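Just so you know, the sequences run in chain order A and B. If you count the first sequence from 1, you need to add 1254 to reach this note's numbering. If you count the second sequence from 1, you need to add 467 to reach this note's numbering.
FYI, nobody ran anything at the bench for these hints, they're computed from the structure. Because the structure is a prediction, the values reported are computed rather than measured. The reader is advised that the hints may include incorrect statements.
Using 20 Å as the maximum straight-line C-alpha spacing, the simulated SDA-like pairs for lysine to any residue come out as follows [claimed, not checked]:
id, chain 1, residue 1, chain 2, residue 2
1, B, K510, A, K1335
2, B, K510, A, S1296
3, B, K532, B, E556
4, A, K1307, B, N570
5, B, K532, A, T1258
6, B, K510, A, M1256
7, A, K1335, A, P1313
8, B, K532, A, P1313
9, B, K510, A, H1261
10, A, K1359, B, N570
Here are some of the chain B residues that sit facing chain A, going by a computed Cβ distance under 7 Å [claimed, not checked]:
id, residue
11, F494
12, Y527
13, L581
14, T583
No residue lacks a Cβ here, since even glycine has one placed at the ideal position from N, Cα and C.
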Amino acid sequence: FMLTQPHSVSESPGKTVTISCTGSSGSIASNYVQWYQQRPGSAPTTVIYEDGKRPSGVPDRFSGSIDSSSNSASLTISGLKSEDEADYYCQSSDSSNWVFGGGTKLTVL
Amino acid sequence: EVQLLESGGDLVQPGGSLRLSCAASGFTFSSYAMSWVRQAPGKGLEWVSAIGSSGGSAYYTDSVKGRFTISRDNSKNTLYLQMNSLRAEDTAVYYCAKDISVNIGFDYWGQGTLVTVSS
């Protein structure tokens, strides 16, 4: 079971960007997907859990969704800010095996 | 406020051993599963091991099975990772993470501790 993310994405401040996470087998909808943000030199933080829920303190500019037809999850960030520049990782679990995507570097131009 | 504070990272020779600790506060430690996640220099996140809330169940990624042992002391609110037969490829920052719920993912992370395996 693998999760595949684009290596990098870039967008301008104020715009909207979507990062995809595609499951290799089975249905990505069968297990919850989480998204983590990791700024340079810092530990990861959780921005989306259980597909689309936001922890307290995470702005509503961040949203998560599942598309069963493409077996993928997506993280959408609207109203981009320079502080959103970071690596983003999707994660899911399968039979007591926690799997991360390879990460996507978001550059805010 | 949830806090996770790792310690124990160090420089160790190949074949050596190390024990990492993670002191937890701000939540009912004994009610949650916990995990270790590592990140090699310049690489992505890799789940290493998880343990159930009571300590009765433990899970490992294939590359560390038989070498690493996860444990917890709920009376001390502390998570451990005993690492034996260390290899160069175990070099990474090791994070402890609090599980959201059973077999889902993580909601809180520690700041990490660096393990370097080198002669």
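message: The hint names T583/B as touching chain A; please verify it with the least Cβ-Cβ distance against 7 Å.
response: violated, 17 Å
task: Mind checking the alpha carbons of K532/B and T1258/A for me, to see if they're no more than 20 Å apart?
output: The hint is violated at about 25 Å.
- request: With a cut-off of 7 Å on the beta carbons, see whether L581/B makes it to chain A.
  value: violated, 12 Å
field: Given hint E556/B paired with K532/B - CA-CA distance at most 20 Å
entry: holds, 14 Å
task: Starting from K510/B, check that the Cα of M1256/A is at most 20 Å away, please.
output: Judged against 20 Å, a Cα distance of about 16 Å means the pair holds.
- request: Sort out whether S1296/A lies within 20 Å of K510/B, counting only the CA atoms.
  value: Holds - the C-alpha atoms of S1296/A and K510/B are around 14 Å apart, at most 20 Å.
Given hint H1261/A paired with K510/B - CA-CA distance at most 20 Å: Holds, at about 12 Å.
field: Hinted pair K1307/A and N570/B, Cα distance within 20 Å
entry: The hint holds at about 17 Å.
- prompt: Is it true that the CA of K1335/A sits at most 20 Å from the CA of P1313/A?
  reply: Distance of about 12 Å is within 20 Å: holds.
Hint consistency between K510/B and K1335/A [alpha-carbon to alpha-carbon, up to 20 Å]: violated, 25 Å
Per-residue hint verdict: F494/B, partner chain A, C-beta under 7 Å: violated, 13 Å
field: Hint consistency between K1359/A and N570/B [alpha-carbon to alpha-carbon, up to 20 Å]
entry: Answer violated: K1359/A to N570/B is near 26 Å, above 20 Å.
In this structure, the hints that do not hold are numbers 1, 5, 8, 10, 11, 12, 13, 14, in rising order.
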